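Undergrad: Residue numbers (the UniProt record's numbering), protein chains in the order written: chain D, 1 to 881; chain V, 1 to 881.
Keep in mind that the hints were calculated from the coordinates and are not lab data. It should be emphasised that the depicted structure is a prediction, and the values quoted were computed from it without experimental measurement. Some clues are possibly wrong.
Given that identical chains are not distinguished, each listed pair holds provided it fits within a single copy or across any two copies.
[Stated by the list, open to error] Derived lysine to aspartate or glutamate pairs resembling DMTMM-like cross-links, with alpha carbons at most 20 angstroms apart:
hint, residue 1, residue 2
1, K821, E810
2, K712, E791
3, K712, E806
4, K603, E732
5, K821, E806
6, K647, E473
7, K651, E430
8, K651, E475
9, K191, E181
10, K573, E625
11, K592, E675
12, K184, E201
Protein chains: 2
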Amino acid sequence: MSKQVYQFNEGQASMRDLLGGKGANLAEMTRLGLPVPPGFTITTEACIEYLENGKTISTELKKEIERHLVLLEDQEGKKFGSSEELLLISVRSGSKYSMPGMMDTILNLGLNDESVKVLAKMTNNEVFAYDCYRRLIQMFGNVVYGIDGQQFESLLDFYKSKYRVKQDSDLTSDQLKDIVEDFKRVYLENKRQPFPQDPKEQLLQAVEAVFSSWNNERAFVYRNLHNIDHFIGTAVNIQAMVFGNSGNESGTGVVFSRHPATGEKELFGEYLINAQGEDVVAGIRTPQSIHQLKKDLPECYDELNRLVNLLETHYLDMQDIEFTIDNKKLYLLQTRNGKRTAKSAVKIAVDMVSERLITKEEAIMMIRPESIVSLLYPVFDEKALAEATLISDKGLPASPGSATGKVYFDADSAKAAAASGEKVVLIRQETSPEDIGGMVVSEAIVTSRGGMTSHAAVVARGMGTCCVAGCSELEVNELVKQVTFPGGVIKEGDVVSVDGSVGALYVGAIAQNVAEQDENLEMILKWSRELARLEVRMNAETVNDIQTGLDFHASGIGLIRTEHMFFAPERLKEMRRFILADTFDERKMALKTILMYQIQDFKQIFATIGEKPGVIRLLDPPLHEFVPSNEKEFAKIAQDLNVPVEKIASKVNELHEINPMLGHRGCRLAVTYPELYIMQAEAIIKSIIALKKEKGIIVEPEIMIPLVGTTKELTLLKEKIVNYVDQLLNEEQCQVVYTIGTMIEIPRACFIADQIAESAEFLSFGTNDLTQLTFGYSRDDAGKFIHQYLEEGILMDDPFQTIDLEGVGELVQTAVVRARKTRPAIKIGVCGELGGDPRSIDFFNRIGLDYVSCSPFRLPIAYIAAARSQIEFQEKVDVNK
Amino acid sequence: MSKQVYQFNEGQASMRDLLGGKGANLAEMTRLGLPVPPGFTITTEACIEYLENGKTISTELKKEIERHLVLLEDQEGKKFGSSEELLLISVRSGSKYSMPGMMDTILNLGLNDESVKVLAKMTNNEVFAYDCYRRLIQMFGNVVYGIDGQQFESLLDFYKSKYRVKQDSDLTSDQLKDIVEDFKRVYLENKRQPFPQDPKEQLLQAVEAVFSSWNNERAFVYRNLHNIDHFIGTAVNIQAMVFGNSGNESGTGVVFSRHPATGEKELFGEYLINAQGEDVVAGIRTPQSIHQLKKDLPECYDELNRLVNLLETHYLDMQDIEFTIDNKKLYLLQTRNGKRTAKSAVKIAVDMVSERLITKEEAIMMIRPESIVSLLYPVFDEKALAEATLISDKGLPASPGSATGKVYFDADSAKAAAASGEKVVLIRQETSPEDIGGMVVSEAIVTSRGGMTSHAAVVARGMGTCCVAGCSELEVNELVKQVTFPGGVIKEGDVVSVDGSVGALYVGAIAQNVAEQDENLEMILKWSRELARLEVRMNAETVNDIQTGLDFHASGIGLIRTEHMFFAPERLKEMRRFILADTFDERKMALKTILMYQIQDFKQIFATIGEKPGVIRLLDPPLHEFVPSNEKEFAKIAQDLNVPVEKIASKVNELHEINPMLGHRGCRLAVTYPELYIMQAEAIIKSIIALKKEKGIIVEPEIMIPLVGTTKELTLLKEKIVNYVDQLLNEEQCQVVYTIGTMIEIPRACFIADQIAESAEFLSFGTNDLTQLTFGYSRDDAGKFIHQYLEEGILMDDPFQTIDLEGVGELVQTAVVRARKTRPAIKIGVCGELGGDPRSIDFFNRIGLDYVSCSPFRLPIAYIAAARSQIEFQEKVDVNK
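Okay, chain D solo, but in the shape it has when bound (with noise of 0.2 angstroms):
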């Protein structure tokens, strides 16, 4: 057997594993020399055993801990159960990861009906002695054996509104006994088995009562969700108590070494005189603030906060710290790195970087990319969310932020409300091209279908406008125009705040704080960016997304979208022109005019991006998103185009498809119509042409195939498109550098990429695709159930946000292996949804890619993510050189 207990002064910090998080800062701290109450912590690895092993305690595990129980008694000088010199202990647990939901503390344990008495004549201190055993019972049932706290509680208040006492402290021992036996009863009759008397069976049961509550159910749902592993277990820390109730020269509290919520450097936190650690957390009694201490008792304050900062320093991190002031004497009871805003992290990680404590690679590490979208985002002011009505918190936070707004259901009411000066939320079943014209101009989109890769949802993220999706909870009724929701409906006109940071909705409207430019995120970005080795590209269209991007330090654009240049109601026109051609020299006749268009898009967008390079994918949805399914619509669209109506309503019919995701679009549709993309490939040349000449920029662009399947339909495609653009070029006496490439979206590809990478110029991983292919859902559809799926643990991650590295990450590794094998130059790039999120973005930094693309907005958080990436990466080939 290995060793299942250590004293204190046998860790160190860096046993997290072993001793959980709090037993290593304890020994860490006992190591250096702080004063710490003396304990020994019963290892995770002792807990394993104990569940693996039915939940016994071994013999030899008991004898250890007995072992180190004399030790503790021999270091104190005082006996554990013993009549004179009494040791009373605390017992708390501690994984490796701090973990709500498990059986936390229990203090005071060794006082039976006997010792207490003892305990008293000690302190000379009934009351104290009294109460310390009162809150042990009450503790041990509670926290041991689940009896319900309330039933202490309303006993205690029972009590003191019997004696008119305002606090606990203010009660009598006499009064203090008497609840002692209540309590005892109260245990009684819930456990059927009276209060233990044994010191030593009350410790070895709160023991288990911690190794079990590994287990329990909170713990277990809270692991699922933060993607923890079940088998590492939690340790014990068994520690000598020192007493903060023992008089008005003693107090418990927590302090920071900075300022959780604003980073500054000042000690900051609080305490309460004459009390024991629960106290605080019960809120029956205001604490007071840190600085009252100073007041209080000068020479503890001016200690603590000597140690404070011994400890930040020693720690290279803002620390929370746990003490206690036992009759003057201040003992400390746990450290570690602090939680704390993300306004606070920044400002802390630069101070730090400024004080010469740390490297700007450390302060980077410091910040979890995630955080700062409260920074970049207005968000709902805490207190009057509290306050606010809860419509759903059931939904996708699809695109982050917060937004309040009248409610409407479809994009003209929306776009006319808004021309009036109305605050817009458009909620929608789900949203599609035709809903643009309202999405723009809404403050927040709320759809109840659909995923974090639905239209709404990508759509909303590149435009930087807060969304809700698949919220299942709202049923959506359009042509009544009213929403239905578990706890009421919803009409037009209604007010309604949207919080697409968390995913929920609320009645009415909510107070907000904006946004304000922050120096020391600005300072982190900087570092993130220089740090970096993958470039972080956006994934934009519109002018204003561009700017956005470039705003934000984008290298350049990873993925522009020619969809929307088909949609304006002149080129919808032709494109159904096109659509219902019956020969080619039609069909060419109808693109001539959407070139004219396109040309004019491509010049916009190159004119804007300037000299960074950008990838354009060529038109990739199906030929029925360009006609209704209405069949309303259709004789306005064959008067405008002068046809039969019969032929509209066949042609719809002969274009409709049962899984249109895995159907006739992309580089299949061109294969029919080679005619699109070489219009498009045109329009993008003669737009650099004539950007060339007019404003001397020089564009090189990256032309995308997209949904390449075989190698035959890029090779195939790329000819047809060269030929044309080289005669084009040829034509116009005019060079335009220009590559050819494809993305990456289906399963097949990712095994055919070495093949693909002998014509393929550039790849580029369309994840959103190739992520419903490999799991074969819908990301419109997946919503029905994908919650289920990660509630009960199926998935541990949405594969739509978080690369799924098991299926999705081999075929991406594959194929970026294979592809570099034919051409090891290749620039590879990711310009689906996952370009955007931290743990995607470090896998692929690992596996070597060139760079990312993502929503403008995401950028700061992808540039962070690709910094610590890239630093972790660092320091794993620094420590194997």
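Position chain V relative to chain D; hints supplied.
TA: Just chain V, lined up with the frame of chain D:
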């Protein structure tokens, strides 16, 4: 430079790659000492070099040809192009595979205005000499330069009618001299150059023409269609002429060593007296039966008979031999394995085993698995078919066989018509489970949409009903009950004929030849079953189909679909009750009724299959397949189930999916509603308990969970089923051995097959879905482009018909290797449509699967394919030993 020219006596049969089929066999016959006119072969490598060197014959090759020409002259004691002892030669192409569309044959090379006179003098036969010369000009002009043969033919006809002669051979030498002059004029007019007088120029031009014809369009398309490498090139055979047209003791013909249609062991063939090869093809003179030769030239006949038998025994296969008799001397010009009908093929193979010429293994290797379709299904009479009017042949050959019947457009009309004794052809845009009743009574099923694995195709193959799917030339209007096709309209009640083996429809009735039991086929199948390592199971769920499969010796059922167990009206009602239920209890109530029915269903299945294994796939389709999409039906359901119409409308709307293929179905549905799978498991187990009690049959069911993409979907559902079933067995005091496995049909599942195999007790590849997802093709929609993809060579095969090795194959192999790493003995099969495809079966055999499963009517083909694969596989293993 490697050797580019081989004399016939330098080669042998095994050198097909280098010398082409014809050249290798000429060499082999020479080697055997048979009477082959001497000659030499220019290699396929020389052809490729020519094509890659910008179509120039290298100086080296020219020299080589000249050197071999000299050798040939020496052998023959004649001179090419000389004015005395004239040597004439033939030039013939010959690639590794017989390939229509390439340049074929030029005879009589070496003749010109001078040497024709020499020939006349040498042979003392001016008619013969000028006949040869006019043939040369005609063939050279036509074959080398593409001058329309009709120009020459009509001139010849003109002369024949002018001089009132019937046969070419009745023309006089003077008449022939005029014809030669006219032919030269035609040549000059077309080619704008005179017919080349230099024999060596004739030869080199002919060689270049053969080389170039490798890349002509017909050859290119043919190679694409037949999956032949474009870079293997063709050889050129140059051979001394012998003359079948040198008089009435000369002739030319073709003979088979056995009858190519019946397989009878007898010489079969035909010949023409006093003719050259092309006369047989031209069809101007009617050739005589080979038996006539016995009377005309008995020594030649006997010699021919002897040589034919010698060649068959040498090649160990039925031979197709070209011969020429030149003044009573017999020459062999070609031998090759003869093409034959399926009926003949099986007879020849079985006979040759009886004759101890070949082994059973070799016999099986003589049978192309697909070819036996015509022995299993009725086929249209060839003559009747030639006269029939085609409606379209652009459909997919979805289920083989042929049928004639009256057209109906919906299941109800089809049923009514069939009930009144009519033969019915059901034509629909596509079929759905609701159409089953109509499909069952139809002689043939035709759809205008959907692919080889669409509902119609799968169901039809299962029933052995002939089916043409995805015939996009048909515009089916089910409302007005008519089909528009390019040539007209078909209305309800019109008679059509359907050929499901090729995918064609015809107007009116066509006479059929019915398939009869063929004892030779039975023998081949028996041997195949003995030699196959793979087990072959059937996909079947009706008693009829299972019986068919058992008659074809299925080793079990590889796929029992259970969808149909929910669709009969009284069950559908309960299923809809289930769907509309608000509580778990309501759902359970609805399932209780379905359970009772399904116990009976499974009893029937298991009673039929007996103790052979059977894999039951739990419910796979999404819930919306159980509710009508047509609002008109809502009211009836509302009344039936006593719920408001709005509730139904709302539910139907909620269940709607944009891409149902990628939606909430299979195990995903069971994660949401585990009670569905538990009910099915209960039905399976209860039926088995009952069968055991009633009939003593011991069934060990294999329960398959579909659409698994994550390990936990499987473990979760398996645990629930096992818990329930084990409790049930406990209550019933019964033992049933059952296993739970999964379908591998999601790409991701292939990557995690190692994890899946920890829980799955067997695996079965669902190649339909796996192919859909690997390519991103919807089998329902791919019809829109897959034709074109095949035509343009983007796809070599329809991946739904033959496994795609590069994508799907790699996934399958990955899954097998990983699964076996975890569980080496895990049983792995295939139950998708590819399980019945010979080339796919070969792959599945080679990677070590345990079984394939296919439609009952595919079993014979699958057994032959499995045996052939195993024979080839073992040969390879033996070679490697």
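Undergrad: The structure should be examined with respect to each hint, and the outcome stated for every one.
TA: Results of checking the hints against the structure:
no.: 1; hint: K821 with E810; result: both (17 angstroms within a copy, 18 angstroms between copies)
no.: 2; hint: K712 with E791; result: between (43 angstroms within a copy, 12 angstroms between copies)
no.: 3; hint: K712 with E806; result: between (29 angstroms within a copy, 14 angstroms between copies)
no.: 4; hint: K603 with E732; result: within (17 angstroms within a copy, 77 angstroms between copies)
no.: 5; hint: K821 with E806; result: between (22 angstroms within a copy, 17 angstroms between copies)
no.: 6; hint: K647 with E473; result: between (41 angstroms within a copy, 16 angstroms between copies)
no.: 7; hint: K651 with E430; result: between (25 angstroms within a copy, 17 angstroms between copies)
no.: 8; hint: K651 with E475; result: between (33 angstroms within a copy, 11 angstroms between copies)
no.: 9; hint: K191 with E181; result: within (15 angstroms within a copy, 123 angstroms between copies)
no.: 10; hint: K573 with E625; result: within (13 angstroms within a copy, 36 angstroms between copies)
no.: 11; hint: K592 with E675; result: within (10 angstroms within a copy, 58 angstroms between copies)
no.: 12; hint: K184 with E201; result: within (16 angstroms within a copy, 120 angstroms between copies)
The structure agrees with every numbered hint stated previously.
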